[in-house]
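Novice: Sequence:
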Amino acid sequence: MKEIFNRRSIREFKNMPVEKDKIDKLLRAAMQAPSALNQQPWEFIVFESKTALQKLSKAMPDAKPVYNSGLTMILVANSEKFRYEPDWELDMSAAAQNILLEAVHLGLGAVWMSITSVDSAINYVREMYKLPSNIKPFALIAIGYPDKHKNQFIDRYNSEKIHYEKW
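Numbering (the numbering used here), first residue to last: 1276 to 1442.
Because the hints were derived from the structure by calculation, they are not lab data. Errors might be hidden in some of the hints.
[Claimed, not checked] Derived Cβ-Cβ restraints for the label pairs, each shown as a range:
1) Asn1290 x Glu1360: 38 to 46 Å
2) Pro1292 x Lys1405: 19 to 27 Å
3) Asn1281 x Met1306: 20 to 28 Å
4) Asn1433 x Lys1405: 44 to 52 Å
5) Lys1330 x Gln1307: 26 to 34 Å
6) Pro1292 x Tyr1439: 43 to 51 Å
7) Asp1430 x Lys1289: 24 to 32 Å
8) Ile1437 x Met1306: 28 to 36 Å
9) Thr1326 x Asp1422: 16 to 24 Å
Heads up, the beta-carbon is just placed ideally off N, CA and C, and yes, glycines get one too.
Sequences are here, hints too, so could you generate the full structure?
Specialist: This is the structure in structure tokens:
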């Protein structure tokens, strides 16, 4: 449970690669996520080289953390796996959250950047990586060893946001 409470969006990373076994653990965690009707629509494109990260960082203005990350994943959904299309973004969100929590567990930091509502980013990713029409870009997750800021607990509990059986 400490991963849930300590996770933060980390945007600055040390210039260190992420070990292959940790990448494998991140991907395994993602694929353990729940999904509607067990459709598991997720697929992952993993970028590690500085050249690839530099190209990917141009996908959108807020993608700057990508360039200095140890790796970045593009989470995409395969629409051929949809048995209940309205929930594909929920499935992908669960996979993304699992990656973020596993990153904390492994001593890494990560930041999730949604691209589902940024048409220019979707088009950039689709064209740059020649994605087939059934592959829907969902998010970028930049991952690496935290530089300035670390994962640490910040109490965000607010009892005023809880309503029992009435508003």
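Novice: Confirm or reject each hint.
Specialist: The hints, checked one at a time:
1. In this structure, Asn1290 and Glu1360 meet the distance hint of 38 to 46 Å, their C-beta atoms being roughly 41 Å apart.
2. Checking the proposed 19 to 27 Å range against Pro1292 and Lys1405 shows it holds: the Cβ atoms sit about 26 Å from each other.
3. Distance hint check for Asn1281 and Met1306: the Cβ-Cβ separation is about 23 Å, which falls inside the suggested range of 20 to 28 Å.
4. Hint check: Asn1433 to Lys1405, Cβ distance near 45 Å, so the stated range 44 to 52 Å holds.
5. For the pair Lys1330 and Gln1307, the supplied restraint of 26 to 34 Å holds, since their beta-carbon distance comes to about 30 Å.
6. One distance hint, 43 to 51 Å for the beta-carbon pair Pro1292 and Tyr1439, holds here, with the actual separation near 49 Å.
7. The supplied range of 24 to 32 Å is met by Asp1430 and Lys1289, whose beta-carbon atoms lie about 27 Å from each other.
8. Separated by about 33 Å at the C-beta atoms, Ile1437 and Met1306 satisfy the suggested range of 28 to 36 Å.
9. At about 21 Å, the beta-carbon gap between Thr1326 and Asp1422 stays in the expected band of 16 to 24 Å.
In this structure, none of the earlier numbered hints is contradicted; all agree with it.
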